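Novice: Next come the chains, spelled out residue by residue.
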Amino acid sequence: GQNIDQPTEMTATEGAIVQINCTYQTSGFNGLFWYQQHAGEAPTFLSYNVLDGLEEKGRFSSFLSRSKGYSYLLLKELQMKDSASYLCAVRVASGGSYIPTFGRGTSLIVHP
Amino acid sequence: DSGVTQTPKHLITATGQRVTLRCSPRSGDLSVYWYQQSLDQGLQFLIQYYNGEERAKGNILERFSAQQFPDLHSELNLSSLELGDSALYFCASSLRDRSTDTQYFGPGTRLTVL
Numbered sequence: 001g002q003n004i005d006q007p008t009e010m011t012a013t014e015g016a017i018v019q020i021n022c023t024y025q026t027s028g029f030n031g032l033f034w035y036q037q038h039a040g041e042a043p044t045f046l047s048y049n050v051l052d053g054l055e056e057k058g059r060f061s062s063f064l065s066r067s068k069g070y071s072y073l074l075l076k077e078l079q080m081k082d083s084a085s086y087l088c089a090v091r092v093a094s095g096g097s098y099i100p101t102f103g104r105g106t107s108l109i110v111h112p
Numbered sequence: 113d114s115g116v117t118q119t120p121k122h123l124i125t126a127t128g129q130r131v132t133l134r135c136s137p138r139s140g141d142l143s144v145y146w147y148q149q150s151l152d153q154g155l156q157f158l159i160q161y162y163n164g165e166e167r168a169k170g171n172i173l174e175r176f177s178a179q180q181f182p183d184l185h186s187e188l189n190l191s192s193l194e195l196g197d198s199a200l201y202f203c204a205s206s207l208r209d210r211s212t213d214t215q216y217f218g219p220g221t222r223l224t225v226l
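Heads up: the protein sequence lines correspond to chains G and D, in order.
First residue of the first sequence? That's 1 in the working numbering, and the numbers climb one at a time after it.
First residue of the second sequence? That's 113 in the working numbering, and the numbers climb one at a time after it.
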């Protein structure tokens with residue numbers, strides 16, 4: 001099966017930088033996604049990595065190391081609205097299709 | 113607004129009952145995914161349909177079934193409901209069935225089984 005680990009909760013200060021780590025153990029790896037989910041709302045897509053390296057998109061960046069089974073999401077210039085759960089998801093090739101497996105999510109609390 | 117719609121928004125029912133959740137994908141998307149999210153299990157993939165055919169199966173119970181219709185909307189049927197089935201059920205859609213395709217999530221249906 002697939003195993004995805006991320007911290008349960010993190011806190012940070014408005015304006016600061018925070019890094020949310022995700023480690024995974026899987027076979028048939030076919031990409032890693034990060035989603036943001038505010039309480040009671042739908043997850044929204046943040047980033048996608050399939051090759052090693054850093055992908056930057058505005059205040060958010062995501063890094064992947066396939067050999068280490070490791071990814072992180074970097075949030076810069078934190079704002080209060082960034083308080084949310086951040087979900088790491090691995091997509092695995094299986095039987096001609098792609099099965100998504102989500103981590104339990106990291107609850108980020110941004111305080112003034 | 114992702115463009116994915118789900119009805120109903122809330123559903124309260126009793127154990128042993130059967131319910132149907134409905135999802136309309138974004139215009140042009142061919143793939144539909146169903147997920148269950150509960151406090152103790154996180155977001156669990158249930159099943160995927162692509163252009164009317166089942167493509168992938170996750171942790172879906174035998175009491176649950178789904179289908180995708182010719183107009184590409186999808187329905188998730190939950191039967192013999194148990195208290196533990198209380199959860200948020202999300203539908204997501206993507207353009208195709210490729211690993212690079214982004215999934216767009218609907219607002220979810222909150223199911224409460226009493």
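Don't take each hint at face value.
Unchecked claim - Partner residues are not named here, just some residues of chain D that face chain G (Cβ under 10 angstroms, in silico):
1. Val116
2. Ser198
3. Leu200
By construction, these hints were calculated from the structure, which means they are not laboratory data.
Predicted model only: the values in this text are computed from it and were never measured.
All C-beta atoms, glycine included, are put in the ideal place defined by N, C-alpha and C.
Novice: So, for every hint listed, does it hold in this structure?
Specialist: So, going through the hints one by one against the coordinates:
Hint on Val116 (chain D) holds. Least Cβ distance to chain G is approximately 8 angstroms, under the 10 angstroms limit. Checking Ser198 (chain D) against chain G by beta carbon gives a least distance of about 14 angstroms; that is not within 10 angstroms, so the hint is violated. Look at Leu200 (chain D): its Cβ gets to within about 8 angstroms of chain G, closer than 10 angstroms, so that hint holds up.
When held up to the earlier numbered hints, the structure conflicts with hint 2 and nothing else.
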